[in-house]
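One letter stands for each residue in the lines below.
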Amino acid sequence: MKNYECVYILAPTLDDNGLKEKSEKFNEIVTSRSGTINSLDAWGKRKLAYPIKKFYEGFYFVMRFSGNNEILNELNRVFRFDDAVLRHMIVIDENPVPEKSE
Amino acid sequence: MGKKKKKEKKAAPSKPCRFCVDKIKIDYKDDALLSRFLTDRGKITPRRITGTCARHQRMLSRAIKRARILALIPFVKEYYR
Chain A
1 MKNYECVYIL APTLDDNGLK EKSEKFNEIV TSRSGTINSL DAWGKRKLAY
51 PIKKFYEGFY FVMRFSGNNE ILNELNRVFR FDDAVLRHMI VIDENPVPEK
101 SE
Chain B
103 MGKKKKKEKK AAPSKPCRFC VDKIKIDYKD DALLSRFLTD RGKITPRRIT
153 GTCARHQRML SRAIKRARIL ALIPFVKEYY R
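Residue numbers (our numbering), protein chains in the order written: chain A, 1 to 102; chain B, 103 to 183.
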């Protein structure tokens with residue numbers, strides 16, 4: 001199990017319900033594959049440094065999770081086919097949230 | 103032709119690496135910090151100007167490249183046409 005950090009940008013055309021729906025969907029992908037969400041951070045609407053898909057703004061989400069390789073493949077696949085996701089990036093979490101040892 | 107430019111040998115005053123001194127962690131999400139290490143055109147400023155040590159410059163350049171992908175900082179700033 002490794003700690004990962006995933007940032008995704010959603011289209012500014014989505015409303016609150018749409019955002020919630022999307023973020024829950026992505027969370028479920030992690031949890032349904034025996035991964036754990038450590039934190040989900042919503043930055044809200046932010047200006048993009050350059051236009052992506054002709055949008056100048058986007059909703060930023062930072063998700064920290066731990067899990068296996070299977071989750072990464074699935075997340076990458078889902079992100080790529082989802083038109084509401086402007087950008088996504090999954091990197092290894094360099095400053096992981098300290099986990100409680102069992 | 104055959105002009106020879108005389109190179110001035112000026113020893114740059116060695117600045118301490120800001121990350122080593124203040125123990126700042128480089129994070130690609132911190133766009134305010136990263137943009138301080140960009141030129142006004144959006145390029146990464148070289149080490150000799152900022153005084154960053156090799157290790158932190160490496161970490162910094164990686165963070166800047168990541169932040170560019172996420173549209174936190176620009177690849178190029180479009181002005182001065």
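Errors might be hidden in some of the hints.
[What the hints assert, rightly or not] Some chain B residues judged to face chain A by a derived CB distance under 10 angstroms, without partners named:
1. D124
2. K127
3. Y130
4. K131
5. D133
[Stated by the list, open to error] Have a look at the derived ranges for each label pair, beta carbon to beta carbon:
6. F81(A) / P148(B): 38 to 44 angstroms
7. D93(A) / R138(B): 22 to 28 angstroms
8. D83(A) / T141(B): 31 to 37 angstroms
9. T141(B) / K20(A): 39 to 45 angstroms
Simulated from the structure, these hints should not be mistaken for laboratory data.
Cβ atoms here follow ideal geometry from the backbone N, Cα and C, with glycine treated the same way.
Cross-check of the supplied hints:
A cut of 10 angstroms between beta carbons decides the hint on D124(B): the least distance to chain A is about 16 angstroms, and the hint is violated. For K127(B), the interface hint holds, the least distance from its beta-carbon to any beta-carbon of chain A being 7 angstroms, beneath 10 angstroms. Checking Y130(B) against chain A: minimum C-beta separation of about 8 angstroms stays under 10 angstroms; hint holds. Because the beta carbon of K131(B) sits about 7 angstroms from the nearest beta carbon in chain A, less than 10 angstroms, this interface hint is met.
The interface hint given for D133(B) holds, since its Cβ lies 8 angstroms from the closest Cβ of chain A, which is under the 10 angstroms cut-off. Between F81(A) and P148(B) the C-beta distance comes to about 41 angstroms, which sits within the given range of 38 to 44 angstroms. D93(A) and R138(B) have their C-beta atoms about 24 angstroms apart, which keeps the hinted 22 to 28 angstroms range intact. Here the CB-CB span from D83(A) to T141(B) is close to 35 angstroms, well matched to the stated 31 to 37 angstroms.
Judged by the Cβ atoms, the range 39 to 45 angstroms given for T141(B) and K20(A) holds: they are separated by roughly 40 angstroms.
Comparing the model with each earlier hint shows a violation of hint 1 alone; every other hint is respected.
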